[in-house]
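Following the hints, complete the assembly by docking chains B and C onto the known chain A.
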Amino acid sequence: MKLAADRLLGIVLTGLAAFIAVQALRLNVPISYDPVGPKAFPLGLAILLAMLSLVLVFKPGEDGQWPHRALTLKILLVLGVMLIYALLFTRLGFIITTLMTVAMLARIFDASWNRALITGVVMSVGSFFLFTDALGISLPGGYWLETWF
Amino acid sequence: MKINKAFHQYAGMLTLIGGALAAGNVHAQSEATECIAPAKPGGGYDLTCRLAANGLEETGMIDQPMAVSYMPGGIGAVAYNHVNGVRNDDPNLIVAASTGAAVNLALEKFGEYEADAVRWLGALGVDYGAIVVKDDAPWENLDELMEDLSDSPDDIAFGAGGTVGSQDWMKAALTAKSADIDPKSLNYVAFEGGGEALAALLGDHIQVFTGDLSELKSQLESGKIRVLASLSEERMEGPYADIPTAEEQGYDVQWPIWRGYYMGPNVDDEAYEAWAERLSELSKSDEFSQLREDRGLFPMSRFGDDFNDYVLEQVETFESLADEVGLKQ
Amino acid sequence: MFDFLIHGFGVALTPLNLGLAFLGALLGTMFGALPGIGPINGIAILMPLAYTLGLPAESALILLAAIYTGAEYGGRMSSILLNVPGDAGAVMTTLDGHPLAKKGLAGPALGLSAVSSFVGATIAILGLTLFAPLLAEVAVMFGPAEFFALMIFAFASMSVMMGKDPIKTAIGAVLGILIGTVGVDSSTGVMRYTFGMPELYDGIDFVVMIIGLFAISEILLMLEHANRQDDEDDIPPLGRVFISLKEVLACKGAMVRSGLIGFIIGILPGTGASVGGAVSYTTEKRISDKDGTFGTGDMRGLAAPEAANNASAAGSFVPMLTLGIPGSGTTAVLLGALMLYNITPGPMMFSERPEVAGGLIASLYIGNVVLLALNLPLAGVFARILTIPRWVLVPGIAILSFVGVYQLHSDLTAIFLMLIIGVFGYLLRKLGFSLAPVILGYVLGGLMEQNLRRALSASGGDIDILWRSGISIGLWIAAAALLVLPWLLPKLITKLQPSNRPMAQVEDD
Numbered sequence: 000m001k002l003a004a005d006r007l008l009g010i011v012l013t014g015l016a017a018f019i020a021v022q023a024l025r026l027n028v029p030i031s032y033d034p035v036g037p038k039a040f041p042l043g044l045a046i047l048l049a050m051l052s053l054v055l056v057f058k059p060g061e062d063g064q065w066p067h068r069a070l071t072l073k074i075l076l077v078l079g080v081m082l083i084y085a086l087l088f089t090r091l092g093f094i095i096t097t098l099m100t101v102a103m104l105a106r107i108f109d110a111s112w113n114r115a116l117i118t119g120v121v122m123s124v125g126s127f128f129l130f131t132d133a134l135g136i137s138l139p140g141g142y143w144l145e146t147w148f
Numbered sequence: 000m001k002i003n004k005a006f007h008q009y010a011g012m013l014t015l016i017g018g019a020l021a022a023g024n025v026h027a028q029s030e031a032t033e034c035i036a037p038a039k040p041g042g043g044y045d046l047t048c049r050l051a052a053n054g055l056e057e058t059g060m061i062d063q064p065m066a067v068s069y070m071p072g073g074i075g076a077v078a079y080n081h082v083n084g085v086r087n088d089d090p091n092l093i094v095a096a097s098t099g100a101a102v103n104l105a106l107e108k109f110g111e112y113e114a115d116a117v118r119w120l121g122a123l124g125v126d127y128g129a130i131v132v133k134d135d136a137p138w139e140n141l142d143e144l145m146e147d148l149s150d151s152p153d154d155i156a157f158g159a160g161g162t163v164g165s166q167d168w169m170k171a172a173l174t175a176k177s178a179d180i181d182p183k184s185l186n187y188v189a190f191e192g193g194g195e196a197l198a199a200l201l202g203d204h205i206q207v208f209t210g211d212l213s214e215l216k217s218q219l220e221s222g223k224i225r226v227l228a229s230l231s232e233e234r235m236e237g238p239y240a241d242i243p244t245a246e247e248q249g250y251d252v253q254w255p256i257w258r259g260y261y262m263g264p265n266v267d268d269e270a271y272e273a274w275a276e277r278l279s280e281l282s283k284s285d286e287f288s289q290l291r292e293d294r295g296l297f298p299m300s301r302f303g304d305d306f307n308d309y310v311l312e313q314v315e316t317f318e319s320l321a322d323e324v325g326l327k328q
Numbered sequence: 000m001f002d003f004l005i006h007g008f009g010v011a012l013t014p015l016n017l018g019l020a021f022l023g024a025l026l027g028t029m030f031g032a033l034p035g036i037g038p039i040n041g042i043a044i045l046m047p048l049a050y051t052l053g054l055p056a057e058s059a060l061i062l063l064a065a066i067y068t069g070a071e072y073g074g075r076m077s078s079i080l081l082n083v084p085g086d087a088g089a090v091m092t093t094l095d096g097h098p099l100a101k102k103g104l105a106g107p108a109l110g111l112s113a114v115s116s117f118v119g120a121t122i123a124i125l126g127l128t129l130f131a132p133l134l135a136e137v138a139v140m141f142g143p144a145e146f147f148a149l150m151i152f153a154f155a156s157m158s159v160m161m162g163k164d165p166i167k168t169a170i171g172a173v174l175g176i177l178i179g180t181v182g183v184d185s186s187t188g189v190m191r192y193t194f195g196m197p198e199l200y201d202g203i204d205f206v207v208m209i210i211g212l213f214a215i216s217e218i219l220l221m222l223e224h225a226n227r228q229d230d231e232d233d234i235p236p237l238g239r240v241f242i243s244l245k246e247v248l249a250c251k252g253a254m255v256r257s258g259l260i261g262f263i264i265g266i267l268p269g270t271g272a273s274v275g276g277a278v279s280y281t282t283e284k285r286i287s288d289k290d291g292t293f294g295t296g297d298m299r300g301l302a303a304p305e306a307a308n309n310a311s312a313a314g315s316f317v318p319m320l321t322l323g324i325p326g327s328g329t330t331a332v333l334l335g336a337l338m339l340y341n342i343t344p345g346p347m348m349f350s351e352r353p354e355v356a357g358g359l360i361a362s363l364y365i366g367n368v369v370l371l372a373l374n375l376p377l378a379g380v381f382a383r384i385l386t387i388p389r390w391v392l393v394p395g396i397a398i399l400s401f402v403g404v405y406q407l408h409s410d411l412t413a414i415f416l417m418l419i420i421g422v423f424g425y426l427l428r429k430l431g432f433s434l435a436p437v438i439l440g441y442v443l444g445g446l447m448e449q450n451l452r453r454a455l456s457a458s459g460g461d462i463d464i465l466w467r468s469g470i471s472i473g474l475w476i477a478a479a480a481l482l483v484l485p486w487l488l489p490k491l492i493t494k495l496q497p498s499n500r501p502m503a504q505v506e507d508d
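Protein chains in written order, with numbering that gives the first Met the number 0: chain A, 0 to 148; chain B, 0 to 328; chain C, 0 to 508.
Just so you know, the hints here were simulated from the structure itself, not pulled from any lab data.
Quick reminder that beta carbons are idealized off the backbone N, C-alpha and C, glycines included.
Fair warning: there could be bad hints in the mix.
Claimed, not checked - If you want the footprint, here are the derived chain C segments under chain A, 3+ residues with CB under 8 Å:
#, stretch
1, 96-102
2, 165-176
3, 291-300
4, 380-393
5, 405-412
6, 444-456
7, 467-479
Stated by the list, open to error - Lysine to aspartate or glutamate pairs mimicking EDC-like chemistry, simulated, CA-CA at most 20 Å apart:
#, chain 1, residue 1, chain 2, residue 2
8, B, K223, C, E351
9, A, K58, C, D164
10, B, K216, C, E351
11, A, K73, C, E223
12, A, K38, C, D461
13, C, K429, A, E61
14, B, K176, B, E246
15, B, K133, C, E136
16, C, K163, A, E61
17, B, K183, C, D461
18, B, K223, C, D164
19, B, K283, B, D267
Next comes chain A alone, as it looks inside the complex (with noise of 0.2 Å):
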């Protein structure tokens, strides 16, 4: 038999609450003024949950359609983009890590190099002035940056 999405999901998400409620459960209370507590409701919640996997993993509903391997590819290309986005943020400054990851994220989706590097100079260097001058709004300038202004 083949693995249905949402028998996965179900065996899944009955983990997960088992995991919740003995999180729930090993909380520890020193003083609580209701007699309901901070654990009844994630323990209820951790049931019903499990309940309803179960319903799941016994009647799936139709399989979606997954990606297939170049797409899961890209997919994780995207997501790894960002993560460098979001590493190298503070220690480079705003604009040359959104350099980067405009113009990576624009040839993902097939824009041409010369392209994709124009939108990254013209979106970082824009969004920075926009975002700083217009709005206040404070960002990473990068420490390399700061003997230019």
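Quick look at chains B and C alone, frame taken from chain A:
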């Protein structure tokens, strides 16, 4: 490319207007001072940062406006860790703090770093706790309330804007304790912020609100509430002159809520002392005393090492208090 | 009696203040349109500027109020065009707004949302002018027990959204509620599911949640469309630009009803535009969705949350102006702004500072007219955002998401969390979940739990408190009716009317 044109026009227009509005607004410049409010915009920490920022700017003690940035998370813990871990030697950075932060440090809610990890800089003002009931409540003074409370604790609900263990709760717990009532036997309702708790008091959903004097001004004027006691060392002036202290009524409870700042652990003495001097001078100026009054705060003057010792001592006191009221296991 | 208002219009109509209302409306629209940068941040950022510029109190307040209302208008833009809500109040706007844009009706959808925003806001401002002091009395009658009953009612009204896959809707809501339990328990101070990370103490931030769930997952989904070989609807057609009067009139019932609902919910301290939008949408779906077109681009499904979230925004001024109690995060910031000017809002404000109270209310009227005038003609321009190629649009959404979260937290953990939630949202959407129940569970669940526990703390554990007041009893009955009637009514009607006339016509107006 029509859309590009439209976009550029729109962006250009905004840049222009915003630029005019934000004239003098700076981006990354190394000499600019910064205050981190360890919360979302609009809360008490935001106001604490603005107090320093506006005060220093109006008195001309800094030539560029002080930037205020927000670092919410963990009731201040995220900013505390950030200042200890990342920007630990920035001489231009101060972080807003209050009595609430001292309480959290005492309860070890700030993670690995302890109270003596940072350099406590000084306080620019102080607020005091207050025991508040509605105008038609049967109690005229703290004695009457405490008497009823020991007879039938279940009929009197306390409420305030913080969880068990927060400084708002401490006010209720300590007041009860001063009358030999176990804080655990109270009916205490935790709201999100003093505003909600005050609304609940006006709607008779709670009977006693343990709030702060500064947030009560408009309600006092309209006569909708009665303040049974202020938790200050002595009586306050102005609209609060008729409010007796808890001490006067024979209950040993004081709850000052200072609003101050700390700096990173590795900031050098020179910068630290310059800041302490700057704040101390600010607190003496007339312009500033008006600003402070506008925010409903009372004067407090502790700066530099004096303040550092004060906070550390306070945290120690809170630690033993937490033990006494049964907050630690 | 309305002296303060006449006085107020005198204040608000001076060239400076009129200009500020216009500027505020424009900036507010911009702030609202950027995902994650909502009215709270807009006001918090501009408040010190207004103060430093030395604007008088009433002018500053007029500017800030215009930003607030402008942001509520702007929030709809990315909801409709990109399926990414610009702020909390605009979550429900995605449900019918985005399908409309996909059909090529982005222009009319934006136009309609401007009109419904105007109608909703106008209803609320009229209510504010006429009944503010009275309503303030009603607002404080809502204590924890009443709020708990209100949340039960809200969940009951969500049952209409069960749709074709009730199990997945329910799972979505439960997951949303569970996400809401992360952080310090606001009663006992105990940490739940924080795993020792201070970044999680305050819970998972609403902005992180909606940006992750909607914006990041949308980027991943777009990848799929871009990659598809058989692309028939890669870029939706851009149809006509303006909304017709006939279409507006067809939504008048939805607008008025939702405006009233939104206003009432906005008045209550602690519930804001997100709850207002949710309850009005589900109510409207129950009343008008006879052909099951809600969720597929029904104009009424767009008009309802739009009217409601603007009405809520104006409604939250009631407790602030009359009691000095903020009804929402944004009014809390406004309250701070007033304190900066040494003005204490409250019952005395109308008599002591009539130019401030009146000027503010008058500026709300003016701001809304300005916003309508600004937004109707621009609908066509904004609709063209859809024709931007994906390789420009996607990086744009990514930048906005990052900046939106970063400026709120100045912290990378929040950004990682946003990415994780984005993947989670993508998987949910691929598995056939709708995101609305997740968000609603997240918003309503915490309110439900905390108010239940507050009520029981106040009563010392006595459960009677939950149905002690008339308001709670009314809400419980209404909730029960919502759950039972749809199931009971058809049976009753078929029994009473053997002719088997379809029930839809019975309540057709």
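Hint by hint, which ones does this structure get wrong, listed from lowest number up?
Numbers 1, 3, 7, 18 and 19 - these are the hints that the structure violates, sorted from lowest upward.
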